[in-house]
Amino acid sequence: MSIVSENIIPGGYGRIFGTDATTKTELNRIAEALRRVNGVKDVIVDYEIFPHEFTIHSNTVVKIEEIQNAAIQQGFHVIPKSLFKLL
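Count along the sequence shown starting at 1, add 19, and that's the number in this note's numbering.
Bear in mind the hints are in silico, worked out from the structure with no lab data behind them. Do not rely on the hints blindly, as some may be mistaken.
[Said to hold, decoys possible] For lysine to any residue, the following SDA-like pairs were computed, each having C-alpha atoms within a straight-line distance of at most 20 Å:
1) Lys82 - Glu25
2) Lys60 - Glu85
3) Lys60 - Tyr32
4) Lys100 - Glu72
5) Lys60 - Asn47
6) Lys43 - Asn78
7) Lys100 - Glu25
8) Lys100 - Ile22
9) Lys100 - Asn26
10) Lys100 - Tyr32
11) Lys60 - Gly37
12) Lys82 - Tyr66
13) Lys60 - Ile28
14) Lys60 - Ser77
In this text the structure is predicted, and so the values were computed from the model without any measurement.
Model the full assembly from the supplied sequences, consistent with the hints where possible.
Here it is as structure tokens:
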């Protein structure tokens, strides 16, 4: 494992996570919990695809484990999908 695979690194790429949440209410609840994690700059929810995805950008290095714990506290899981979005 490396710093890149275990963390969200600040910058324009962000990190994409898949989730087991299915409704907009559930997705919004998770997004609000993720925004409260220290260092998270913004959370973008993709409602159009299934399984639904979150893209998370950060101001500082944020551990993926912190993101996963915030979602678990809401009763859901988030799993990192890829390191970088292809342009």
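Okay, the hints, checked on the actual structure:
In summary, the hint linking lysine 82 to glutamate 25 is supported, as the alpha carbons are separated by about 6 Å, within the 20 Å threshold. Under the criterion of a C-alpha separation no larger than 20 Å, the hint pairing lysine 60 with glutamate 85 is consistent with the structure, at around 14 Å. Using a Cα cut-off of 20 Å, the hinted pair lysine 60 and tyrosine 32 holds, with the two alpha carbons roughly 12 Å apart. Taken as a hint, the lysine 100 and glutamate 72 pair is honoured in the structure, with Cα atoms around 9 Å apart against an allowance of 20 Å.
The straight-line distance between the Cα atoms of lysine 60 and asparagine 47 is roughly 16 Å, inside the 20 Å bound, and the hint therefore holds. Note on lysine 43 and asparagine 78: the hinted pairing is violated, with a Cα-Cα distance of about 26 Å set against a maximum of 20 Å. Taking the CA atoms of lysine 100 and glutamate 25, the gap is about 12 Å. The hint holds against a cut of 20 Å. Distance restraint check for lysine 100 and isoleucine 22: the Cα-Cα separation of roughly 16 Å lies within the 20 Å cut-off, and the hinted pair is therefore satisfied.
Restraint check for lysine 100 and asparagine 26: satisfied, since their Cα atoms lie roughly 13 Å apart, inside the 20 Å limit. Under the criterion of a C-alpha separation no larger than 20 Å, the hint pairing lysine 100 with tyrosine 32 is consistent with the structure, at around 13 Å. With a C-alpha separation of about 18 Å, the suggested pairing of lysine 60 with glycine 37 holds against the 20 Å cut-off. Note on lysine 82 and tyrosine 66: the hinted pairing is violated, with a Cα-Cα distance of about 24 Å set against a maximum of 20 Å.
Note on lysine 60 and isoleucine 28: the hinted pairing holds, with a Cα-Cα distance of about 11 Å set against a maximum of 20 Å. About 5 Å separates the Cα atoms of lysine 60 and serine 77, which keeps this hinted pair within 20 Å; it holds.
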